[in-house]
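Chemist: Here is how the chains run, residue by residue.
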Amino acid sequence: MKMGKRDFNKKYRNYHQARWDEPIIFELTQPGERGILLPEAEPEVEAAGLPELGAMVRKNAPKLPEMSQMRVLKHYMHLSQENIGADETVDIGQGTCTMKYNPKINDRMAGLPGFADIHPRQSESTVQGALELMYQTEQMLKSISGMDRFCMHPGGGAQAVLTIATVVRDWVDAQGLTDKKDEIITTIFSHPANPACAAVKGFKLITIYPDKNGRPDLEAMKAAVNERTAAVFITNPEDIGIYNSDIKEFTKLVHDAGGLCSYDQANANALLGITRAREADFDLCFFNIHKTFASPHGCGGPGCGVMGVREHLVKYLPAPLVGYDEKKDRYFLDYDSPSKTTRIKDFYGVLPAIVRGYSWMRNLGPDWLREVSRVAVLNNNYVFKKIMAMRGVGAPYAEGEFRMEQVRYSLQKLKEETGIGVAEFINRMFDYGMHLWSSHEPWIVPEPFTVEPTESYSKAELDEYLAVLEKVIDECYKTPDVVRHAPERAAIHHTDHDIQDDLKRAAITWRAYNKKYTGYFEPKA
Amino acid sequence: MTHPYIPNSVPKIQEEMLREIGAKSIDEFFKCIPDDLQFKGRLAIPEPLLSEAALKRHVEGMADKNTPATRVVSFLGGGCWNHYVPASCDEINGRSEFLTAYAGDPYEDHGRFQALFEYASMMAELLEMDVVNIPTYDGAQAAGTALRMACRITERSRVLVPALMSPDRLKVIRTYLHPQIEVETIAADKENLTLDLADLKAKLNDKTAAVFIENPAFLGVIETQGEKISKLAHDAGALFVVWADPSSLGALTPPSGYGADIACGDIQPLGIHMHFGGGRGGYIASRDEAKYIEEYPSRLFGISPTTHGEWGFGDVAWERTSFAKREDAKEFVGTAAALWGITAGVYLATMGPQGMADLGNGIMKRARYLANALGKIKGVRVATNAPFFKEFPVTFEGKKVAEINEALLSRGIHGGHDLTPDYPNLKNSALYCVNETMTKADMDALVSALSEILKG
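Protein chains in written order, with this note's numbering: chain F, -19 to 505; chain C, 6 to 461.
Think of the hints as simulated: they come from the structure by calculation, not from any bench. Source: prediction; values computed, not measured. Hints may contain errors.
[Unchecked claim] For the chain C half of the interface with chain F, some residues (derived, Cβ under 10 Å), not all of them: (1) I18; (2) K36; (3) A49; (4) E57; (5) A68; (6) T75; (7) N98; (8) S126; (9) D135; (10) Q146; (11) T312; (12) I347; (13) N366; (14) A372; (15) A446; (16) A450.
All C-beta atoms, glycine included, are put in the ideal place defined by N, C-alpha and C.
For reference, chain C alone in the conformation it holds in the complex (with noise of 0.2 Å):
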């Protein structure tokens, strides 16, 4: 038998390679392979699915115990989020000229050069910022290295990050920023979940390498003294960093408008299916300065002219990254999300400055309904004061959020990410988020199934 993946699994075909290699057997390669290296025994593998047909049965069994979120009403998001996904995202990431290309020159991949060029390009736009990178694993990377970069820029080893920021964001920078550099939160204002302005003021001093937001934050709400930060953060000489959520900014001011001196986060809002948390990509963004681009980890392309006036590309400052240095690189750089990147240009291509703009003000209309609405129904207040996205927390009496979420998941709603274990001030408290395709009859339904839950 031949496998249709093996070509050469012919046994015709297979001794005649061998008879011009001059091999008698493909054992035979393997002889400087010590014998008690050798792996005797059989791979502890199931019994091979041959046919595609009952490979396919298989797969598609086990997706069908999955409940997608596009079956039911999902109000989670906290860094993963549920937004619509044009299908011409999924027509050009599926294309194999793009999918199982890999690293080919600027010349026979002139296609992903441009395509990455032309995204990183709309980010700029989005930005406001000259330079943006291929990009990286995931927003939380971006954040790491922007903190990194900013570190090496500031030659201090110091940064200073909110106290109510994503948990887990928080331990993706404290692990990649072990052992070199040392982070400390900044406390919360109680009432708005804003950052508390004196306790900045009081913990920059001139180790400080950066001050680093999220806007919006993790919980949603967006923060509006971003002027007053810089001012603070240049004033000790630190830069500012913030990771800022793209599907907000064709409403919202960019990091750039309020002194950002470095710009991150996750483009996973823009075109890219959740996958279960495994579809994202982290963007870095700067001014166009010598001392922030040679601080670049990531690839990052560059237009060129040619000897017959087209648009080509290339490598900028290549000597940066570890493909070029190893130990002495700026961090490191591989494989990550480039497709991703690609996919992110066609969803702003997509969307255009008015889509941006409906997508921002419609989400952020969409939480101030469901917000209003919650707050009517007896036990259940928002937690915050602070204007909001697209997500905010809510905390409820009586009742346990997972006891709420459990009641929630039996009418076909998932809930919102229940705080508890992650923030001890905010008690019995959830995070709802919305999205552009909500309908008024998606967030009615949850206030209803609420006000039925906590009643009884």
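Pulled out of the complex, with its shape left as it was, chain F reads as follows (with noise of 0.2 Å):
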């Protein structure tokens, strides 16, 4: 037999991901077989029987599939092998999305039962651990933003900045200015968030566009702000990684026509103990713990946005807020300082990311906290470095400036000169296992991709994302077929995307699926 010999210049890996070819769920039904049986009542209980339904009970039973609990089990361990996660790769291509460790002490903490299983209405007396650990993790991101008080309910970014535009609509109506204020600003580069949510409450959108600096154009933003202006929604760094200087000449604006400003933190991985949001004169901010604070993602959820607001804006936010007794060193439900009847979401926060959260910052502390925003930065500005070299690839605005966090890079000129797109490039970086993302929409950016190393990879790692970055470049100059025909080593192969945009053909369920099809998408006559 002929011996392969290993290659150890190569820093890229013969990847290939598990392809199961895993049925839908449905297909693996075997009715009779059972995952699972419940406690059966005592005959007494049994006895006290069922009350009178008439057409309440249900006729039919649902068609769930009928499985023993091992074959459920698998079905899902293998679609979870045709997945990837921040631990299995090196996951820096998820700009914007701070995708770091996720320490794995801080998920058994979150899983003990005395936070898994306790009720939101238990008596004060049997949560004092609950509500000291939300409490103390208040106190941090305090310290943290310089804000005065915390509301940890909303259950990610994008509620965050719902509940940001709440706050901002009730202290507008609660001034009589309901038809005054009717506008809020925001900026291109911000979260689509942003500018959804302010219209969900109400507000007319102003969006600001860069300069030729890469920052929010100051010009234009004199020009926007007016007596009308409710707020400003801004972020900064923005999602190109360029810190906007002039911060508080932007802030200084909007309070001199009498609007509240608020700071989209829920990317701060570059800012821990370097600058905050009191000093730049923000009334509002928010963080992700899911991001920031190294919560899982989860797939897109559960998530935390803890928001923050100054003292004047306190008795807006949705109660209750948690509170802690002194005298009798008790922690309590403030349901007397915030607002009595808004509401964003059910009880009090998503506590195993709070959880998460907490244990992260007590293990870093003050040093270690502002040492992960200084190496995230580093990172970031070694990877720039080495990209910019790379043929093909640009990086628009505030040349020669070094960056924050994250930069959104282009492949305009790869594309003029290879006829491949991000979106192409994209599919091949997997078939080297690692994950690469374009940008939000609109691409101000042409053929945009985005990345932020955050400080959870070595250098290694990063040299090795960057050996694959390098090699999918050489291949679009050389072998482009190659790339166009990507991904060849994933679970599955090229995909009709058409089909989800015409809503005759697209199945949004297997049921659904089963009314409009046949076999392999035969459709039905």
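The task is to assemble the complex, starting from two chains supplied on their own in separate frames and drawing on the hints.
Modeler: This is how it looks when you write it as structure tokens:
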């Protein structure tokens, strides 16, 4: 047998994702199989019987799959192997989302019965630990932001923006300015939830575009601000990773016009212990615990968007907040200082994310937290330098300047030279086990991609990612067809996406599929 | 010293990287921040617990100050429920390929797309509806969005909701619908606590976009007038929106069976721990019609063919979402509760049709047993004549609910949720809730404790 030889210079891997050809779960049903049994009721309980329900008795059993327990488990194990998390790859290609290491100890802590199995309506005396943890988390966030009070309720960053838009709405209404202050200003490089949530709360939107240096255009801002301005919803650094040094001029303009200033700090990974919302004169801000504070993203939630305000806005926060009575040394749910009518979400916040964020901050303490941001920015500028030396890649704006925690790059030149754009490029990246993301829409930067290395990856891992980027670029020039046919080594091959925009053909559930199709996408007459 | 979560805290590596970048120090990167914005102090955060062992001891100490419902007998419900969580659910949602993934495309995250498509598909069978969203934050948000959808579909801006609905859910709805949509409440029948149809009729008009009910309702009662409500709503040109607890649907007729146009609710009962009220996800379901699909703000995953005959997936009608349309989108979308959706899928597949029927029926029998037994205690009255699912209001004479609950707590029992502050008409009442794991002994313990407390 002829043996191969390992190439020690090759930095990218001979990757292949698991490919299980996994059936849809309904295809695995075997009538009569059971996945779990429930406790039987005792004869006396059984004798109580069912109430008179008339038409409310379900006639046909739901057509759920019937499967033994191991079969269910194996199905999901296969699906998990056809997925890839930050634990499996160098997940720096999902810029703006801070895909850092989510320490396992924090998962274990969040799952302790003392946190996972407590009911929100238990007597406060039986949940002192949970309340204390939430209260102490708030104290740490206050120090990091300089805000005066935090509401932990929102289940993600977008819901935190909704909470902010709600506070602004209530603040405007309370002053009797409903018809007079009806505009919110945001920037095009702010997350789309900012304009979307402002619109839900009835505001008109004005969007500021970047100047030639990539910073929100100060002159455009001056022209936009007036007595109708209820608030500005702004991010700094924005998605493109460039810090806006004039930020205080922006907040001053809005304050002078009698408006509020909200700071989207969903991603604050460059800023811990470096600069704060308070000194830049913001009235409101929020952090995503599932980004900066190391709670896992869970395929898209559960997340947690903790939202902070200055003292003058506390009365508009949704109740309850968590309070501490020093005399009695008791933590309690405070329904008095915040708003009695506003509510954003059931109960008090996503505790499993809050436990993880608390645990993460307590592990790091004040100095390592600062080092998190310093190393995140160091890593980014290292990767930035290396990528800018690659063929066909550019990064618009602020030429010659360093970046903060992320960079928005452009493959425009590569597309012009090879015909391959970012959508195809991304597919080939995964043939080497690496994820890459473009950017939010609209694509102001043409053929964009966004890299955010965070503090979690070693130089060797960053080099591995860079080697894959370089390899795929090289393929675009030399073997473009290979790139066009990618992915070759993922769980599945090229997918028809047009079907999803044709609602007559789209099937959002298996039930709908079986009404529209037979076999493999053969339309029913 | 270096930190285990920060590999490049090794000084030699930092120097090497700075050299390659052409910078003298990390401070150089932050020169763009004006001096008056640089944070000069030290964060007011406790000194670090650097060893994992010390951290674990500290956080476990906080968890130990809480009493989990699994260690007592708890009769608390009211929107968050202590259902049994199968081990498989925790096993799958702990898989790091799911837990630490986020926003990969339909190739690399094929497993996420399929698992969530299957979640939606199993919910669709439970609900007998053809479209189900990728979960939103919770049932309250789902209700708010379902009502905004109804307003856009009907081009009207007034909704009717039950006066006795969950007070917190009502607050979420009012907050979310303000300022464009008006919310009005419908009175309840005093004996049954179900909807007062005469009041509904009086309030329905050509401005009504939707009639919303909970079934089972917050106070536990099962609304058996669904078809009548549906007809009244539809005759007025309004949509019928029903908030339904999925744990009831193996035994009870789903909302589509009595005319609901949109169903919504919370998936917490489907294999998700209570987490102090922090483990939640909202479902929204409807018919497979463009006029409904186009109004969802949520992600919707559809099935696709691939070049190799595999099952593939993708986002349906992406252009609806705020990711594509910013302020011109259908409401907004963001990171919400995907992992709980996957978890609920594992739960529904594990339970199967028989498991869901056993769950619903087992709960209803236990609730009836407990209600019968409580009703026999002097000074205790079950405050509804309607059938109920897993919870029901109980009115006490003689002692205040708060006092009773205090006395129960000292006996290791978590008494029902005190309704007194939110329901002035249900004076001195509490909402008692059972689950599928409750034994006769658990319930008898409550009955004898209450008999004792109320006697004394």
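Chemist: Tell me, which hint numbers fail for this structure?
Modeler: Structure breaks hint 16 only.
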